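Asks: Going line by line, the protein sequences match chains A and B. Heads up: the first sequence begins at 1331 in the working numbering, then just goes up one per residue. Heads up: the second sequence begins at 138 in the working numbering, then just goes up one per residue.
These are computed hints drawn from the structure, not numbers from a lab. Possibly wrong hints are sitting among the right ones.
Distance windows between CB atoms, simulated [unchecked claim]:
1. A:ALA1484 / B:VAL453: 31 to 41 angstroms
2. A:ALA1416 / B:ASP255: 29 to 39 angstroms
3. B:THR251 / A:ALA1627: 18 to 28 angstroms
4. B:MET231 / A:PRO1452: 21 to 31 angstroms
5. A:PRO1619 / B:GLY190: 21 to 31 angstroms
6. B:LYS258 / A:SER1639: 16 to 26 angstroms
Partner residues are not named here, just some residues of chain A that face chain B (Cβ under 10 angstroms, in silico) [claimed, not checked]:
7. SER1391
8. THR1536
9. ASP1542
10. LEU1651
To give an idea of the interface, some chain B residues facing chain A are shown, with a C-beta separation under 7 angstroms as derived from the structure [said to hold, decoys possible]:
11. GLU198
12. SER199
13. GLN235
14. ALA332
15. SER336
16. VAL337
17. LEU342
18. GLU406
19. VAL410
20. PRO412
In this text the structure is predicted, and so the values were computed from the model without any measurement. Virtual Cβ for every residue (Gly too), placed ideally from N, Cα, C.
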Amino acid sequence: MSSAIDGVGRSAASSAAPKTPLLRVEGLTVAFRKDGREVRPVENLSFQIGHHERLGMVGESGSGKSLTSLAMLGLVDAPGLHVSGALEFDGRTYDLGSEALRRLRGDEISIIFQEPMTALDPVFTVGHQLREAIRRHRSVSRGEGKRLAIEALAGVGIPDPGRRYAEYPHQLSGGMRQRVMIAIAIACEPKLLLADEPTTALDVTTQAQILDLLRELNESRGMAIMLVSHDLGVIADLCDRVVCVYAGEVVEDASLEMALRAPSHPYLEGLLKAMPRVGSRGTQLYAIPGSVPAPGAAPRGCHFASRCSYAEDVCAEPQVLLPSRTGGSVRCVRHGELDLVGVSGDPHRSPAS
Amino acid sequence: MTEPKPSATSVVPAVDRSGEILAIDGLKVHYKARQGKHPVRAVDGVSLQIRRGETFGLIGESGSGKSTIGRAVMRLVEPTSGRVHFDGKPISAMSRRQLKQLRRRFQIVFQDPTSALDPRKTIINSLREPLEVQGLATPAALDRVDLLLSRVGLNTSFRDRYPHELSGGQKQRVNIARALVLDPVLLVLDEAVSALDVSVQAEVLNMFAALKVEFGLSVLFIGHDLAVVAHISDRIGVMYLGKLMELGPTDEVLDQPLHPYTAALRSAEPEVVPPSDRVRHRILLTGEIPSPTHPPSGCVFHPRCPYAQEVCSTTVPEWRDVGDDRWVACHFVTSVDGHPHPTWGSPALG
Ligand SMILES: Nc1ncnc2c1ncn2[C@@H]1O[C@H](COP(=O)(O)OP(=O)(O)OP(=O)(O)O)[C@@H](O)[C@H]1O
Ligand SMILES: Nc1ncnc2c1ncn2[C@@H]1O[C@H](COP(=O)(O)OP(=O)(O)O)[C@@H](O)[C@H]1O
Ligand code: SF4
Ligand code: SF4
Ligand SMILES: [Mg+2]
Ligand SMILES: [Mg+2]
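All chains should be modelled from the sequences, with the hints used to inform the complete structure.
Replies: The structure is reproduced here in structure tokens:
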């Protein structure tokens, strides 16, 4: 694998949003009715992904990350959930609530999930599943499909691919299954790979391997990646830009460098301060008071106000995304007056609390 | 902040054996295999001591045997061989009655905050239950339950609620209060914060640290997240495939890992640091953890170790006291300052 050294050759601070995006999500809303009232676990969410970009979407459990990624592929099919909004991909616009979106899937956009076991069919060999994924995309014979499949297994770092080709999903380790899922997902040569918690079920040394594989695919194929995770560490490892979501809304959009060094939104600052790190031993961690509200239970104005230590009367008004001082955007009316603390590389300087 | 590090030559006082609350010696736990003849060598010769008042962290990837050690300490599983001493007394030789008393002194909290609580019991009844089971439900003891509830940050409005009315973090607080009801001296926390969101995790970690001091606890903290385990632990032990690879004071082990596996684990841990500040080298391990039914010969880490030599596949490395309160199992690490690669960051042994 190419890059053994972390963080080298990556552009540092840059303006957050890409100039000509590969994909734009505009006003994504996922809603359902509860007790006669409309509840929106995802509300008016907008963001973009540039060509070749590695975008990370971070937020705690229940913040709406998975619903967002599913909606982008027309995969929200739970009864009662209503999806609206628009998606622009490579210059074409799609209605997020329509069937047309499905054409993008498995062609321009692919997705991988946390648990590859559920996405793989247990009754077929992994080779068969990969070969058929390839043949859906390219008209090749079975023999040629098999050859390409074995090549693809090798390409995602599976040792002894000829033997693995004939094995069933349960015969593979979690890390190996995730590699197979990646091979299937990229068989159609998508322009964007959506990865929802792809390493959460894996051990840390296997996680490092998978993140490295994703980085390599991004670099060698120019395929954009959107990585969804609750773990800022994983995002920091792979991504160039961060979209931070809270209670179904984007609260900050910034380059990775600025998101970590100088967060603009109090929620992101809180997440950074709450993380234990080498050197924090013996200190109190900052704990954001309370917990993520259930959909519909967040305060009416700034959704974060009930947990924010900077909240004032102005925060009772609904918040809009504003340009931030670090070249991105932020949903906080007070961002200009706040002097939030980020993290830096000095292991002995833990974030002030 | 880290404390100033002792220099490599500093004289560390000999370990005070009387200061140990729990001593594990040569512990092996082999589970009978369901099919096939080979047992699962979940724990395969582990020795460690937990000192009075300390938090000892056990870190390792899944399947490395951490939980099994916790279970053996609680005597929820019988050791295949080896001994566990509590307060100088072997727990394997204890009578049923002594064991019942011991169970009071040891408490365990698991990862899943929900499954440990009875969904049909109110919080206060769940907390009183251990006292009732032990026949200790005196008025004074019941008062203590209220005190504990407030100590874990839950006000009296939570007394009559049911588990489903609580968040994950709140349920885990109840589990912790419940573990403290019988006034234990040793707490085993097995992945106790792993299911929590980072902001809630911070709160629970802070609480552990405060309760440990207030109640004079010794803690075995089991986890897979290096940053979390390191944050809370005075000393850590690094497990791989049923064996300890390295053990020592937390800051020293992380600042200067002596075992190649510790170094790899440390470098694989994603760092939340701005890209332009990064200097770290990542050691990418190839392959995956072998099965504990057929652990590799010699050093169990040798098939994945970037520094493996011939001897590593034939001879089991000794569990060696390398000085400065540190222990390492590697043929090439014989003392804290005499090991061949100070950072283990650059390519293999010459
Ligand atoms: N089918 C559904 N009906 C009603 N509510 C739902 C449905 N699916 C998800 N939700 C709710 O929407 C919110 C967002 O869910 P989502 O799965 O997107 O969260 P997430 O950010 O991916 O969280 P995690 O980190 O736990 O995966 C949650 O509160 C969830 O309970
Ligand atoms: N009851 C059991 N029967 C058989 N094997 C088991 C049992 N419990 C655990 N194991 C196996 O023992 C090994 C160590 O498990 P465990 O102690 O749970 O590891 P960890 O807590 O480090 O993830 C694993 O390979 C696991 O599958
Ligand atoms: S708008 Fe107010 S409450 Fe919301 S994040 Fe900003 S300061 Fe906090
Ligand atoms: S004994 Fe050999 S294989 Fe094991 S850690 Fe040391 S160098 Fe590596
Ligand atoms: Mg999710
Ligand atoms: Mg375990």
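Asks: Holds or violated: the 31 to 41 angstroms window for the beta-carbon distance between ALA1484 (chain A) and VAL453 (chain B)?
Replies: 34 angstroms Cβ-Cβ, so the 31 to 41 angstroms window holds.
Asks: Let's test the interface hint: is any C-beta of chain B closer than 10 angstroms to that of THR1536 (chain A)?
Replies: Cβ of THR1536 (chain A) sits 6 angstroms from chain B, so the hint holds.
Asks: Once the shortest beta carbon distance from ASP1542 (chain A) to chain B is found, is it less than 10 angstroms?
Replies: Interface hint status for ASP1542 (chain A): holds (6 angstroms vs cutoff 10 angstroms).
Asks: Double-check LEU1651 (chain A) for me: the hint is only fine if its C-beta lies closer than 10 angstroms to a C-beta in chain B.
Replies: Cβ of LEU1651 (chain A) sits 23 angstroms from chain B, so the hint is violated.
Asks: Is the interface hint satisfied for LEU342 (chain B)? The criterion is a beta-carbon contact with chain A at less than 7 angstroms.
Replies: 6 angstroms, holds
Asks: If you check the beta carbons of ALA1416 (chain A) and ASP255 (chain B), does the distance land in 29 to 39 angstroms?
Replies: 49 angstroms, violated
Asks: Can you let me know if the beta-carbon spacing of THR251 (chain B) and ALA1627 (chain A) is within 18 to 28 angstroms?
Replies: 20 angstroms, holds
Asks: Is the shortest C-beta separation between VAL337 (chain B) and chain A less than 7 angstroms?
Replies: Constraint on VAL337 (chain B) satisfied, holds at 6 angstroms.
Asks: With chain B as the partner, please determine if SER1391 (chain A) meets the hint condition of a C-beta pair closer than 10 angstroms.
Replies: Because about 5 angstroms separates SER1391 (chain A) from the closest Cβ in chain B, which is inside the 10 angstroms limit, the hint holds.
Asks: Once the shortest beta carbon distance from GLU198 (chain B) to chain A is found, is it less than 7 angstroms?
Replies: With Cβ-Cβ at 4 angstroms, under 7 angstroms, it holds.
Asks: Restraint: SER336 (chain B) near chain A, CB-CB cut 7 angstroms. Satisfied or not?
Replies: Status holds, d = 4 angstroms.
Asks: Verify the CB-CB distance for PRO1619 (chain A) and GLY190 (chain B) against the hinted window 21 to 31 angstroms.
Replies: 30 angstroms, holds
The structure is inconsistent with the numbered hints 2, 4, 6, 10, 13 and 14, although it conforms to all the rest.
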